[in-house]
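6 protein chains.
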Amino acid sequence: MKVTVSRKAHFNAAHRLFRADWSAAKNEEVFGKCNNPEFHGHNYELIVSVRGEVDPVTGYVVDLKILKDLIKSEIEEPFDHKNLNTQVPEFKTLNPTAENIAVVIFNRLRPVIDQNLDLKITLFETPRNFVEYEG
Amino acid sequence: MKVTVSRKAHFNAAHRLFRADWSAAKNEEVFGKCNNPEFHGHNYELIVSVRGEVDPVTGYVVDLKILKDLIKSEIEEPFDHKNLNTQVPEFKTLNPTAENIAVVIFNRLRPVIDQNLDLKITLFETPRNFVEYEG
Amino acid sequence: MKVTVSRKAHFNAAHRLFRADWSAAKNEEVFGKCNNPEFHGHNYELIVSVRGEVDPVTGYVVDLKILKDLIKSEIEEPFDHKNLNTQVPEFKTLNPTAENIAVVIFNRLRPVIDQNLDLKITLFETPRNFVEYEG
Amino acid sequence: MKVTVSRKAHFNAAHRLFRADWSAAKNEEVFGKCNNPEFHGHNYELIVSVRGEVDPVTGYVVDLKILKDLIKSEIEEPFDHKNLNTQVPEFKTLNPTAENIAVVIFNRLRPVIDQNLDLKITLFETPRNFVEYEG
Amino acid sequence: MKVTVSRKAHFNAAHRLFRADWSAAKNEEVFGKCNNPEFHGHNYELIVSVRGEVDPVTGYVVDLKILKDLIKSEIEEPFDHKNLNTQVPEFKTLNPTAENIAVVIFNRLRPVIDQNLDLKITLFETPRNFVEYEG
Amino acid sequence: MKVTVSRKAHFNAAHRLFRADWSAAKNEEVFGKCNNPEFHGHNYELIVSVRGEVDPVTGYVVDLKILKDLIKSEIEEPFDHKNLNTQVPEFKTLNPTAENIAVVIFNRLRPVIDQNLDLKITLFETPRNFVEYEG
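Residue numbers (the numbering used here), protein chains in the order written: chain A, 1 to 135; chain B, 1 to 135; chain C, 1 to 135; chain D, 1 to 135; chain E, 1 to 135; chain F, 1 to 135.
If we strip away everything but chain A, and leave its shape as in the complex, we get (with noise of 0.2 Å):
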């Protein structure tokens, strides 16, 4: 009897576009204005999904308590109020898109959620945007 289960967080960050192996022509032309070397923001919405069975003693997939600790510690506190490029050490060789910041939670949270239960990150980046990663 499985049940996915999900948690919302949210963090608000700086990033910008842009690879250090090219032009700012080249930068331009392919990320736009998101290339701003002054850099823009988000507020981003974070849903961390767990999917496992459910223990029949206590009912729960997960203690909700337990994955919003997680994921304060793992995700909102090293990304919240952060420049993304400069201030997470993954992005300063890895463009963070939405996509690439996905993979990047997922690759910290999975080491600390039981291996039994699956994992899925949804990110808004806006509104508008979001992408999902499941591994």
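Bear in mind the hints are in silico, worked out from the structure with no lab data behind them. Being a predicted model, the structure only gives us computed values, none of them experimental. One or more of the hints may lead you astray.
Which copy? The list can't say, so a pair holds if one copy fits it or any two copies do.
Derived pair list, reagent style SDA-like, types lysine to any residue, alpha-carbon separation capped at 20 Å [stated by the list, open to error]:
id: 1; residue 1: Lys68; residue 2: Arg51
id: 2; residue 1: Lys120; residue 2: Thr58
id: 3; residue 1: Lys65; residue 2: His10
id: 4; residue 1: Lys92; residue 2: Glu76
id: 5; residue 1: Lys33; residue 2: Ser73
id: 6; residue 1: Lys26; residue 2: Ser73
id: 7; residue 1: Lys120; residue 2: Arg19
Using the hints provided, position chains B, C, D, E and F relative to the given structure of chain A.
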């Protein structure tokens, strides 16, 4: 040509998380403030999704008026403005976690929905926590 | 140069509508299913709005971190995961309608917020019903 | 490393549900108030989701500016502020249920989106009813 | 002790903007795509707000069940799944802009709501456009 | 017969809170994580409301197409995907708090909107924090 059709509904209910066969201290340790013996409550927002072939004559997978009425009679009327622990029979011996509530809703709707249709329950316990169950 | 600044918060609670000095029949007649003696509950979504001059030095009407902490200590901690009727003192003798809850929240926050600031409470009892109170 | 990328869009349109080969009485019986011969209408909210490999060079599955422009030219311009029954060719012989509208949107977008990408359409007919189609 | 109490409702309708005493060209020039002679439509989301003294006996400004029923009989039933221009009498000679629809709703509700209560109508024509009218 | 008409818009931007005439320590003490020298960012959601007489000829307070275009040229284009501190002139000497951003938006729109219309700005910095300014 399979399409998934979803209908939103809602009910407001009181509940507490606990096991009658555990001590108060053990319940408190595991369920924290959700174990308040005086109960707390939620506006549960429910999404019932059915998936099946589009009827080439009507263009419907299911008549949403019929689905809406089924959700009303099978779920909203017995759950709305109720105490789940004391007034919904399944939870007299089952902890009313979001996971278990979703399973109970699925089990109540499954027999009254065409067996050719897949059924999925999404249940928001709060705007920030939700669960999904597909049987 | 007056600006209104608003902060959202939330608490989940059980309640019932009734008057101890009325018969069960009278309570049932007036309050209908909201009078369920076993309680029901809601995810109350709260908006606290303060209006005042923008401080020309900081650009703040109020430091939202301070407002957030006040809402947490004065409202969220005493109300969240509680039974309003039995565990929040004001409602031992006051019917916990949305109207009265908003007034109680106002009365709890008014003394701890700068008297130069106007205060307004918006309280969603459900996503479809809400009340506003300005003192 | 596959990621799903989604973009929201919207269009406002009139429609009615009916079959030209049925009597008025039969249409009324099956489609009820949705069969109003004078039409009614909706704000359709559309989510277009594409799933594929993240390009290791750009960090994109798809350039959302390009996807946004495709949705605009293929769906928003021909559907927005239109009468679906009389002004969108597919519905001259097809009942414009939410299910059929989602299929038509899929069929219009599928040829113009990279065949290496999976496509999924989610269409909200109202904030309470929605459908999903993946081909 | 005055509190404002609000209730949300909704109706789906077709409409077009035009004046019968203008040429097609003039209508097109002023109302653009909203003038489509084949109609378009919206999911109108309505908020009805009443403001008055909290009854010290019940704790209510108004019984929301009564308000909900009034909105249903006076607005939802005559407007839902209708063509506003051709099936709602006021709009046979009045352009059904969001502004005018809000005024018409106010004028229909004002006589049936206690004259000691202030009334305010908020009408969302789309999730992005809305109007407010207080008489 | 005065009606308020509102239009939603949005822009994504980077910012930091600080005063150039304060030490880093003082900025850190007052503005906390909002003072991050590497910037952070938000999806600002903007509501522009205008209040005035309904034109008896058109049924409009204002043509929303014109209002939408004004918001685009005066606010969205100069603010979207920008660094407010370094790329929007007003904030070179003004701390870009939500309060000050709302005032700047008001000051940019006031001259281009009919002086017979009242203007109000509502600005969501996050889904949980917002400000309102009416001049």
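Numbered hints the structure breaks, given as an ascending list: Hints 2, 6 and 7 not satisfied by this model.
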